[in-house]
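Chains as they are written, first to last, in the working numbering: chain A, 1 to 278; chain B, 279 to 537; chain C, 538 to 695.
Treat the hints with care, since some could be wrong.
[As the list claims (entries may be wrong)] Think about it this way: if two alpha-carbon atoms lie no more than 25 Å apart in a straight line, the pair counts; the simulated DSS-like pairs of lysine-lysine are:
#: 1; chain 1: C; residue 1: K591; chain 2: B; residue 2: K469
#: 2; chain 1: C; residue 1: K581; chain 2: C; residue 2: K591
#: 3; chain 1: A; residue 1: K13; chain 2: A; residue 2: K38
#: 4; chain 1: B; residue 1: K469; chain 2: C; residue 2: K541
#: 5; chain 1: C; residue 1: K591; chain 2: A; residue 2: K126
#: 6; chain 1: B; residue 1: K469; chain 2: C; residue 2: K581
#: 7; chain 1: B; residue 1: K474; chain 2: C; residue 2: K607
#: 8; chain 1: B; residue 1: K295; chain 2: A; residue 2: K55
#: 9; chain 1: A; residue 1: K13; chain 2: A; residue 2: K55
#: 10; chain 1: B; residue 1: K469; chain 2: C; residue 2: K607
#: 11; chain 1: B; residue 1: K469; chain 2: C; residue 2: K602
#: 12; chain 1: C; residue 1: K591; chain 2: B; residue 2: K474
#: 13; chain 1: C; residue 1: K638; chain 2: C; residue 2: K662
#: 14; chain 1: B; residue 1: K474; chain 2: C; residue 2: K602
[Unchecked claim] Quick list of the computed label-pair ranges, beta carbon to beta carbon:
#: 15; chain 1: A; residue 1: R125; chain 2: B; residue 2: L399; range: 26 to 36 Å
#: 16; chain 1: B; residue 1: L399; chain 2: A; residue 2: F257; range: 54 to 64 Å
#: 17; chain 1: B; residue 1: F305; chain 2: A; residue 2: L268; range: 48 to 58 Å
#: 18; chain 1: A; residue 1: D74; chain 2: B; residue 2: V338; range: 24 to 34 Å
#: 19; chain 1: A; residue 1: L143; chain 2: B; residue 2: E281; range: 54 to 64 Å
#: 20; chain 1: B; residue 1: F535; chain 2: C; residue 2: S610; range: 20 to 30 Å
Hints in this document: simulated from the structure, not taken from any laboratory.
Backbone N, C-alpha and C define an ideal beta-carbon position, used for all residues, glycine too.
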Amino acid sequence: MSDTTQIEEPLVKIRGLTFRRGSRAIFDGIDIDIQRGKVTAIMGPSGTGKTTLLKLIGGQLRPDAGTIHVDGQDIHALNTRELYKLRMRMGMLFQSGALLTDISVFENVAYPIREHTDLPESMIRKLLLLKLEAVGLRGARDLMPSELSGGMARRVALARAMVLDPMMIMYDEPFTGQDPISMGVLVKLIRKLNDASRLSSIIVSHDVQETAQIADQIYVISNGRVIESGSPERIMNSELEWTDQFVHGHADGPVPFHYPAADLDEDLLSGSRMESSC
Amino acid sequence: MLEQLARLGRVGITFLKHLGRANLLLFNILSGVGEVLRRPRLLIAQIYSVGVLSVLIISVSGTFVGMVLGLQGYYILSQFGAEQTLGVMVSASLVRELGPVVAALLFAGRAGSALTAEIGLMKATEQLSGLEMMAVNPIRRVLTPRFFAGFISMPLLAALFGALGVLGGYFVGVGLLGVDDGAYWSQMQSKIDLNKDIYNGVIKSLVFGVVCSWIALFQGYDAVPTSEGVSRSTTRTVVHSSLAVLGLDFVLTALMFGE
Amino acid sequence: MVQKKSVEIMVGAFMAAGFVALFFLAMQVSNLSTASSGDGYEIKARFDNIGSLKSRSPVTMAGVKIGRVKEVSFDQTTYEAVVTLTIDDQYNAIPDDSFAKIFTAGLLGEQYVGIDPGGSDRFLKQGDGISMTQSALVLEEIVGQFLFSKAEEGARGE
Chain A
1 MSDTTQIEEP
11 LVKIRGLTFR
21 RGSRAIFDGI
31 DIDIQRGKVT
41 AIMGPSGTGK
51 TTLLKLIGGQ
61 LRPDAGTIHV
71 DGQDIHALNT
81 RELYKLRMRM
91 GMLFQSGALL
101 TDISVFENVA
111 YPIREHTDLP
121 ESMIRKLLLL
131 KLEAVGLRGA
141 RDLMPSELSG
151 GMARRVALAR
161 AMVLDPMMIM
171 YDEPFTGQDP
181 ISMGVLVKLI
191 RKLNDASRLS
201 SIIVSHDVQE
211 TAQIADQIYV
221 ISNGRVIESG
231 SPERIMNSEL
241 EWTDQFVHGH
251 ADGPVPFHYP
261 AADLDEDLLS
271 GSRMESSC
Chain B
279 MLEQLARLGR
289 VGITFLKHLG
299 RANLLLFNIL
309 SGVGEVLRRP
319 RLLIAQIYSV
329 GVLSVLIISV
339 SGTFVGMVLG
349 LQGYYILSQF
359 GAEQTLGVMV
369 SASLVRELGP
379 VVAALLFAGR
389 AGSALTAEIG
399 LMKATEQLSG
409 LEMMAVNPIR
419 RVLTPRFFAG
429 FISMPLLAAL
439 FGALGVLGGY
449 FVGVGLLGVD
459 DGAYWSQMQS
469 KIDLNKDIYN
479 GVIKSLVFGV
489 VCSWIALFQG
499 YDAVPTSEGV
509 SRSTTRTVVH
519 SSLAVLGLDF
529 VLTALMFGE
Chain C
538 MVQKKSVEIM
548 VGAFMAAGFV
558 ALFFLAMQVS
568 NLSTASSGDG
578 YEIKARFDNI
588 GSLKSRSPVT
598 MAGVKIGRVK
608 EVSFDQTTYE
618 AVVTLTIDDQ
628 YNAIPDDSFA
638 KIFTAGLLGE
648 QYVGIDPGGS
658 DRFLKQGDGI
668 SMTQSALVLE
678 EIVGQFLFSK
688 AEEGARGE
């Protein structure tokens with residue numbers, strides 16, 4: 001099984017991707033392959049543009065250079081109609097869940113079906129109950145999003161992301177701000193869904209332990225470049241000083257504890273000078 | 279000196295950029311008109327939140343403005359022995375100016391700020407991005423119905439304001455101050471012209487409806503997606519809408535009644 | 538489902554109220570209901586000077602409104618103003634030797650046409666003209682005449 005997927009063309013192929021915000025380069029020529037049927041994690045500290053990467057894959061942002069091919073199609077060469085058609089086959093789980101706050105859980109999950117298909121109501125109901133059952137929230141179908149806990153909202157969003165049976169799901173920081181139980185639930189769900197529906201999953205996260213549990217392949221990015229990639233074992237036992245610091249959370253290392261600043265003594269002196277001048 | 283010039287230039291460029299983005303957004307909103315016609319349900323829900331929920335404040339203000347006009351008008355007109363023309367004064371000021379303008383100002387404060395906050399929060403909570411990733415165009419689905427709801431509700435609200443104002447003026451003038459009942463209506467009817475006054479008033483409120491909804495939606499859509507950004511955009515909506523309504527009112531009045 | 542229905546009802550009520558308000562403004566506040574442009578017959582009257590008489594100004598007899606000024610035009614050959622009056626159909630017994638005058642409502646008010654009945658037993662009908670007219674009083678002319686006559690008096694008295 002794993003041998004055949006190696007030969008297959010990767011589902012998402014990113015080559016030489018460069019993206020700038022203002023003069024700051026968020027990505028500076030990165031190459032990433034997302035294999036079919038696998039869980040691929042993209043890790044890095046906050047502010048490395050991981051969410052931006054997902055938006056680039058989803059075609060919501062345009063890169064300054066480089067290409068992204070999804071299922072063989074160059075995402076940024078598509079016209080709007082083709083892009084929307086491709087997006088129907090991608091699911092995305094936003095950090096906040098991004099549920100529509102004015103409609104119930106049931107209607108939220110039903111939204112993509114109602115938008116894109118003409119299925120009869122009875123069929124939508126059956127399909128939906130199955131999807132909600134898969135995330136364990138069949139009983140919560142009549143609640144409003146505001147009545148859900150953060151973890152439940154994410155599970156509803158997950159049911160919505162996979163309601164159209166997409167070929168891939170992108171998870172934006174799925175574990176952030178979750179209590180240990182819902183974290184465990186999500187970890188299990190992501191792996192289970194990936195294997196049961198033969199999905200491909202992309203997880204963007206900085207939660208090392210949880211991500212390492214379920215990922216098949218991990219990319220570590222920092223300062224706009226891919227620093228290291230490989231299996232979770234390899235990343236966890238990395239020789240690289242930077243990866244080691246990130247994975248094990250050392251306070252100081254290649255990423256300094258201190259934000260770049262002038263010498264402390266000098267700063268203290270200049271501070272007192274400012275005060276007197278006021 | 280050069281620094282000042284550069285600052286002026288920067289302000290100008292920022293302004294033009296905003297204007298360009300706003301126009302692009304308006305174009306995208308209008309291109310979704312087919313979607314709204316296909317799903318009138320979306321529009322109805324928005325007319326409810328934009329129009330129906332504004333009825334109370336519009337009705338109460340309209341009635342009171344009419345009553346104040348009746349009171350003030352009576353005291354001034356009676357000095358010339360012309361209190362018979364109270365109806366004309368009340369209805370002319372309401373139909374031509376106060377109806378469209380005050381209704382639009384209240385609309386900007388009540389519905390416009392709510393629209394901005396709603397869109398801004400949808401942006402901040404990634405709901406708009408979420409729709410986009412579900413292959414749903416958020417502008418057409420979320421913004422277009424709200425825009426047309428504003429466009430439809432505004433003239434109706436202004437008419438409500440005007441009609442209740444005329445009745446409020448009647449209540450004070452005829453009911454309390456003793457102006458002749460027949461004179462109030464007949465003077466009004468002989469002086470207020472359907473085309474010149476009422477039709478122009480409706481046109482004004484249609485224009486205000488477009489402008490207020492446009493500003494509110496643009497500010498929401500363009501908001502910095504943080505709580506501070508959304509609150510600042512909401513304030514901007516009210517300020518910009520009010521200024522735009524007052525400025526446009528002068529231009530429209532000059533065009534309509536100028537000749 | 539119930540909630541959706543009530544939203545629809547509220548929106549319907551709102552739109553109905555809005556249209557009723559518009560209708561109220563159009564019918565009750567404006568002159569639409571009193572215009573009655575179709576039901577009436579037209580007569581013409583020529584004046585030397587109509588002052589500030591405009592179309593839609595009222596036409597009255599004994600102070601009662603019986604019609605409106607339909608249009609005002611200028612005859613280049615006689616240098617007279619030609620005023621077309623629309624008289625409501627119910628007032629069909631106006632003698633054809635009636636006298637049309639232009640009055641001012643109050644000191645500064647709007648001008649209107651007043652018709653004094655004549656003695657003829659033939660009545661005005663569609664397309665007829667009123668031959669006897671009296672022009673509007675133009676304030677400046679009256680003041681001018683008054684001053685002129687006073688000046689003459691003064692000159693004679695010396």
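Hints and how they fare:
1. K591(C) with K469(B): holds (12 Å)
2. K581(C) with K591(C): holds (14 Å)
3. K13(A) with K38(A): holds (14 Å)
4. K469(B) with K541(C): Answer violated: K469(B) to K541(C) is near 44 Å, above 25 Å.
5. K591(C) with K126(A): violated (73 Å)
6. K469(B) with K581(C): Distance of about 24 Å is within 25 Å: holds.
7. K474(B) with K607(C): Satisfied, since the Cα-Cα distance of roughly 17 Å is no more than 25 Å.
8. K295(B) with K55(A): The given pair, whose Cα atoms are some 24 Å apart, holds under the 25 Å limit.
9. K13(A) with K55(A): holds (15 Å)
10. K469(B) with K607(C): holds (16 Å)
11. K469(B) with K602(C): holds (14 Å)
12. K591(C) with K474(B): holds (15 Å)
13. K638(C) with K662(C): holds (19 Å)
14. K474(B) with K602(C): holds (23 Å)
15. R125(A) with L399(B): 26 to 36 Å: The hinted range 26 to 36 Å holds for R125(A) and L399(B), with Cβ atoms some 30 Å apart.
16. L399(B) with F257(A): 54 to 64 Å: At 36 Å between Cβs, range violated.
17. F305(B) with L268(A): 48 to 58 Å: Holds, since F305(B) and L268(A) (Cβ atoms, about 56 Å apart) stay within the stated range.
18. D74(A) with V338(B): 24 to 34 Å: Roughly 58 Å apart at Cβ, these two residues miss the hinted range, so it is violated.
19. L143(A) with E281(B): 54 to 64 Å: holds (58 Å)
20. F535(B) with S610(C): 20 to 30 Å: Cβ of F535(B) to Cβ of S610(C): about 24 Å, so the range 20 to 30 Å holds.
The structure shown violates the earlier hints numbered 4, 5, 16, 18.
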